[in-house]
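Q: Sequence:
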Amino acid sequence: MTLPGPKSTWLTFDCYGTLIQWDEGLLAAMDRILSAKGGNIDQKSFIRVYDGHEHALEVERPHRTFAEVSAFALEQAMVEFGLPFEAADAEILTSSIGKMPPFPEVVATLKMLKDAGFRLAIISNTDDAIIAGNVAQLGGSIDRVITAEQAGSYKPSSQTFHHAWRTLGIGTEDLLHICASPHLDLVAARELGFRTIWVDRGTGREPLSNYQPNAVVPTLDEVPAILAAAGWM
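Mapping of the sequence shown onto the working numbering: residues 1 to 233, in sequence order.
Don't take every hint at face value.
Unchecked claim - In the EDC-like style, the derived pairs of lysine to aspartate or glutamate whose C-alpha atoms are separated by at most 20 angstroms in a straight line are: (1) K7 - E86; (2) K7 - E173; (3) K99 - E173; (4) K44 - E206; (5) K7 - D221; (6) K37 - E105; (7) K114 - E24; (8) K99 - E206; (9) K37 - E86; (10) K111 - D221; (11) K114 - E86.
Just so you know, these hints were derived from the structure itself, not from any lab.
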């Protein structure tokens, strides 16, 4: 596990699943939605179908906001499962996202990295209004938040990352990206050549067969040791 090249000025982060408890929060939101519909729907099966629709909608043009994407994906999944869809269902989902809390170690770790002199940014497949509630829970350490709404595209599109880098005024040599999603963030890293630490939280998401991140950790609080070993802290 190495971090080649010069010390990064910026540390950029994926938000959901990396900093914020996405899987747990999504299960809770879907339980609330599906329990009101009756029947015996397996939440994880439903979420797999929802995720498929979400990712397909994210690459369509014209660009949709994440609020629109999540509503359409939820409606399409409910149609597949023979469930009635109401606009209130989408509101439950989107309103729950901003309330999802950080993982237990995240706030203290971000503060440690901030105190060490790094600048911290989030690059996330969401809307400004949705992520605001999550960022408010992160202890004030985040310097910039860059969303799909701002970029007009969703990860793993290179457009999203190039927009982020222009916004931050940096190049690939000036950053290290820390993420939990192999099929969004690590796909982009493979194509664009930026350094990464993969936070593998044991969710079962498979690593890419043709890409190796610079380091792998199980939780965010192991990132400072990686940076210290590289002489960055």
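Q: Does each hint fit the structure? Answer for all of them.
A: Structure-based check of each hint:
For the suggested pair K7 and E86, the alpha carbons sit about 50 angstroms apart, so the restraint of at most 20 angstroms is broken. For a cut-off of 20 angstroms, the pair hint linking K7 to E173 stands: about 8 angstroms separates their Cα positions. For the hint linking K99 to E173, the alpha-carbon distance of about 34 angstroms lies beyond 20 angstroms, and the restraint is violated. Restraint check for K44 and E206: the C-alpha separation of about 17 angstroms stays at or below 20 angstroms, so the hint holds.
Pair hint K7 plus D221 holds up; C-alpha atoms about 19 angstroms apart against a cutoff of 20 angstroms. Under the criterion of a C-alpha separation no larger than 20 angstroms, the hint pairing K37 with E105 is inconsistent with the structure, at around 36 angstroms. The suggested pairing of K114 with E24 is violated, with an alpha-carbon distance near 27 angstroms, which exceeds 20 angstroms. For a cut-off of 20 angstroms, the pair hint linking K99 to E206 is broken: about 27 angstroms separates their Cα positions.
For the proposed pair K37 and E86, the alpha carbon gap of about 11 angstroms is at most 20 angstroms, so the pair holds. The hinted pair formed by K111 and D221 meets the criterion: a straight-line CA distance of about 11 angstroms does not exceed 20 angstroms. Taking the CA atoms of K114 and E86, the gap is about 43 angstroms. The hint is violated against a cut of 20 angstroms.
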